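Visitor: Please build the complex by placing chain B on the supplied structure of chain A, with the hints as guidance.
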Amino acid sequence: AQTVTQSQPEMSVQEAETVTLSCTYDTSESDYYLFWYKQPPSRQMILVIRQEAYKQQNATENRFSVNFQKAAKSFSLKISDSQLGDAAMYFCALNSGNTPLVFGKGTRLSVIA
Amino acid sequence: DAGVIQSPRHEVTEMGQEVTLRCKPISGHDYLFWYRQTMMRGLELLIYFNNNVPIDDSGMPEDRFSAKMPNASFSTLKIQPSEPRDSAVYFCASSLLISTGEQFFGPGTRLTVL
Chain A
1 AQTVTQSQPE
11 MSVQEAETVT
21 LSCTYDTSES
31 DYYLFWYKQP
41 PSRQMILVIR
51 QEAYKQQNAT
61 ENRFSVNFQK
71 AAKSFSLKIS
81 DSQLGDAAMY
91 FCALNSGNTP
101 LVFGKGTRLS
111 VIA
Chain B
1 DAGVIQSPRH
11 EVTEMGQEVT
21 LRCKPISGHD
31 YLFWYRQTMM
41 RGLELLIYFN
51 NNVPIDDSGM
61 PEDRFSAKMP
71 NASFSTLKIQ
81 PSEPRDSAVY
91 FCASSLLIST
101 GEQFFGPGTR
111 LTVL
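First to last, the sequence lines map onto chains A and B.
The first sequence begins at 1 in our numbering and counts up by one.
The second sequence begins at 1 in our numbering and counts up by one.
With the rest of the complex left out, here is chain A (with noise of 0.2 Å):
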């Protein structure tokens, strides 16, 4: 069975500071793709950034990037610089397999000014 944990339902970050979320995921597949969607108090879910797992390299998008240890099952999201529009719930969510997307229960990240 896959299975995505989230063990922080909330974090918190000073405004401009660096914060990092935490996943772990369990599957049996090797070849499998990881994400990241945030979902803002408009409930819209928005992708942030994607690994694929073969790729050793970790994903970065602007200010968002990713710690991806394989070995360690775990899938972590950095946001730099944080700012106040990155308030909302993180999702981390994990595709093997031809089956959908397992999600975590999310984590709520607050922005302080």
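These aren't lab readings, by the way, just hints derived from the structure by calculation.
Here the structure is a predicted model, which is why all the values come from computation and not from measurement.
We put the beta carbon where it would ideally sit given N, CA and C, even for glycine.
Possibly wrong hints are sitting among the right ones.
If you want a taste of the chain B side facing chain A, the calculated C-beta under 7 Å gives, among others [claimed, not checked]: (1) F33; (2) G42; (3) L43; (4) L45; (5) Y48; (6) I98; (7) S99; (8) T100; (9) G101; (10) Q103; (11) F105; (12) P107; (13) G108.
So, partial list: chain A residues that the calculated Cβ filter (under 8 Å) puts toward chain B [stated by the list, open to error]: (14) Y33; (15) F35; (16) Q44; (17) M45; (18) L47; (19) R50; (20) F91; (21) N95; (22) F103; (23) K105; (24) G106.
Guide: Quick look at chain B alone, frame taken from chain A:
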């Protein structure tokens, strides 16, 4: 493309009434997913379709829930009769493939059953 379209955005109904939620996926996407989001249970996959055919409905909570996809550009999720515990945000998402995982979500329908 306008993205995934859902209607209505908000629905308030009384217990026992029939509720129909609608979704238009992104054109060309072969997969359509229905999710339910609550504080207690997070995001739950209810059902998904491939080329208009239901593939896995094991997440549908009970017989009061049904979903259809009569064509590639339209799907409905129906609850009959509705109950207060069905109150949640219901998302529709679509994707081109299932193996690469990236799904595009609609804005969601907030359902309140009184």
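Visitor: Where does the structure disagree with the numbered hints, that is, which hint numbers, in rising order?
Guide: none
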